[in-house]
Amino acid sequence: MNKRLVMYLWGKIALVFGGYMLFPLLMTLVANENRLAEFGIPVLISVAIGAVLTRGINPYKGRLSVREGILLISGAFVFLCILGMFPFWLTGFSFIDSLFESVSGFTTTGASVLGDLDVLPRELLLWRSLTQWLGGLGIIIVFVTMVPQVGREALQLFTGELHGESAERLLPRITETMKLLFCFYSGFTCVVTLLLLMAGMDFFEAINHAMAIVSTGGFSIYNDGLRHFNSTTINFVVLVCMFMAGGNHVLYFKTYREGLGHLLKDTEFRLYMLLTAIFGIFITVDLYHNSLYSAGNSIFNAFFQTVSTVSTSGFAMANYDAWPDFSKYCLFLLMFVGGCSGSTVGGIKMSRMVILLKVTGAELKRTIHPRMVTTISMTGRVVSPRLIDGITRFFFLYITVFFFSASLLALVGDLSMFSAAGIAAACLASVGAAFETVASIAGYAELNNGAKVIAMLTMLLGRLEIFTLLVLFHPDFWKTE
Amino acid sequence: MNLLIVSYLLGKLSLACAGALLVPLIMALCLGDTCLKALLISVLLATVIGYAFLYYGSFDDGHITFREGVAVVSGAWLVISFLGAMPYYFAGTLDFISAIFESISGFTTTGATTITAIEAVPKSMLFWRSMTHWMGGIGIVVLFIAFLPNIGSGAVHMFNAEVTGPTDDRVVPRIRETSVALCKIYIIFTAIEAILLFFAGMSFYDCINHAFSTIATGGFSTYDNGVMHYNSPLIEGIIGFFMILAGGNFALYFSVGKKGIKELWHDTEFKAYIFLVIITTILIAVNIFCKMDFTGTEALRHSFFQVASIISTTGFVSNDFDVWPAFSKYILILLMFIGACAGSTAGGIKVSRIVILCKLTLAEIRHTVHPSMVTNVSMNGKHVPDTVIAGIGRFFFLYMMLFAGLTLSLASTGLSVTDSIGAIAATISSVGPALGVAGATSTYASITPFGKTVICVAMLLGRLELFTLLVLIRPEFWRSTRNW
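Residue numbers (the working numbering), protein chains in the order written: chain A, 1 to 481; chain B, 482 to 965.
Quick caveat, the hints were computed from the structure, so don't treat them as lab data. Backbone N, C-alpha and C define an ideal beta-carbon position, used for all residues, glycine too. No incorrect hints appear here.
So the derived label-pair ranges between C-beta atoms look like this:
#, chain 1, residue 1, chain 2, residue 2, range
1, B, Thr934, A, Phe204, 53 to 59 Å
2, A, Tyr222, B, Gly895, 32 to 38 Å
3, B, Thr934, A, Lys479, 54 to 60 Å
With a straight-line cut-off of 27 Å between C-alpha atoms, the simulated DSSO-like cross-links for lysine-lysine are:
#, chain 1, residue 1, chain 2, residue 2
4, B, Lys840, A, Lys479
5, A, Lys3, A, Lys479
6, A, Lys358, B, Lys840
Given these sequences and hints, build the entire structure.
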């Protein structure tokens, strides 16, 4: 294992991260507040770590293999979460709470334990949104561009993507792709900010919410989230943007170049639209049937919550915890599914669901014709059996991890069954808001420390697609070849 | 598809069912039960339907392929469930849907009941209830193959469509002899348990009923509060032991009979099964000991009995586990999903599938570290073929999908989330008592007719391991193969 190369890259990331932290630092300076230390110290720490790690290594010597790639990605994630907790910690929150908030931000979960947000300094609120934005960007970059470098097999594992080329290397060179994705992601954020501004938010509100929407995170700067604005226009803008953020970003780029037909031909995107529509209609009917809202409001509320859940954002427009159980169960199921690959969403992801559904259909056919050879294809391309095996195993592992997390939460956190299941599903899929205790993202503050730690681990496992983190615990991983 | 032969076999089965119904009929005659008329009508109905099927069908072109096998098994379960429901319906004990529910619950060895006052039901009717368990446990088609004249080589397809587990393991080369061997073990176990229960203090009638119910991993009792009625550690111990025994692979017991007891410890699945029982018993015992006011032995006693009852998918209740802490309930739900060993009378995903899935996951992790490594998975020292492995992954996914879909349908009737999850988890794996409304000390009577239909589907799907029933909805199943 080429540990030095990994360290070097970690160092680079730390340096970039130090630069990134200058945003809230600048804001503090401009606002002329006496909060330099909260951001100044972490900047110094990051830069110092970065400088030490990058010293005296010739980066062009090594090549990244699968193992180094995995170590790099999971290490970097944990590393960023730790650096990102300092502003919270130095403001006076407990160690666990700060780490939780940071992990929740970087994994784009959006679960919050800070309690009353109104009393917090604005820089800290901005920092929360920034962690989500960077976490989201990191996920896209890692899963779309870094991963081909890590290797074919790992790529398939990470993204559930098809083939080697499937992460659809837009342009031959990786750095180019990275730049493009970065531009797309930033551009998307700007557009959302503008739309929110037009819908009636002020600039600070708009930029914070835009970052939370684009990264499918779910942090708001108000205690009551979007309900603070009580504006249909804003809710509508958020709804549309969340839906967009849950789609494959690479696909959008292709659509831009090749026309809208490309979007509609994509199997994954079609399932995404179909499932959103089906569950939206289910919930609409349920809400209307129980006469909770007028017909129009039922549709709007149902689709808002459906999209918010399937895109793993976790924004809430109404108190959905008071909805009938059928609607809540629909939302619970959607948490497992998640949005499309190639985006910032968590969960099992549409592409995997497509393949699993098709494979099951093929298995039924094979039961009738036992000697039949079946092939599975997605968007017109054949999926290799090796990949299918990987996906069914991922599914099994996902359900297993969910189960263990839920039962441990129930044990440690003294929660009811549904409450624990909700938290486990929401953290694993990086949704954030769940049911009962945590019906709003701020509800996480009521958990005890043990439950917070379990929730944190669940978030990390879910974000790193489980295998990436689990392989680190296999002894072979650390053996030299 | 050769519908004639399917019809012929279904006719024979209906007649066999009429024969089975004679047992409670004679009982009712001797005891002077009020349900005599209902049983008589049921016997006549079964006979008429049987002859109608026989009249339509024929056995001349007697070749049973895979399709006919599946059709016979699925058809048999539907017909028998219908015929088995008739006594409850004609006696006025239950309405039509509930009667069907009770019958399916009996034959699939679920043990979920809609009868709220069991002790008020005539004894002969309760005996029929336990009999449905006993016949469904080993498999009605397996019983049929074992007891009725040879139906030729095609029996293997029927056998495979009904017997549980990812692979078919026959104990002897010929399928009829395998069936006979399995039935022998089944009968011996039932007899031993009945005798032990008799000596432990049960009445003759009760011990037969409970032995039927235990060995079939069903869960029907002759009392409203089931095993709690006796409040006897000895009876709980005997039933607990036999529940675990019934959850083991019957084919394995056959080879134990031939080669000695050490065979048990060569079997990966059985070892995993026993290990699971021990671990979960300890976890739950500690959990309920800490969170509730049980003494140490009480905690261990109830925890062991409940674990044995749930993992073997029997569903007897010695203590209301609905009020246990959430963690214990989670463990019980987990056990519901896992179920017991392949080739047993239990439901659920089965321990062998879970073992293989866990091994595959480990292999996948190893594969990530060494991308060009070739990994293979073995059970009992034998390599598991790739098609079996692929099938298991898909089975798991399908199981979860159907579970989610059925739960959603049940939740649409207004049941709470936890209750719907519990009810479907308990019935798709043929356990019986669930959480909340349909909890340990409650019944399924309060669920709406639509909800009951959903649960009936869940029970049949779970018992026949999904694919047997699901292939029926595929159009190519019904298409003729002649034009190939």
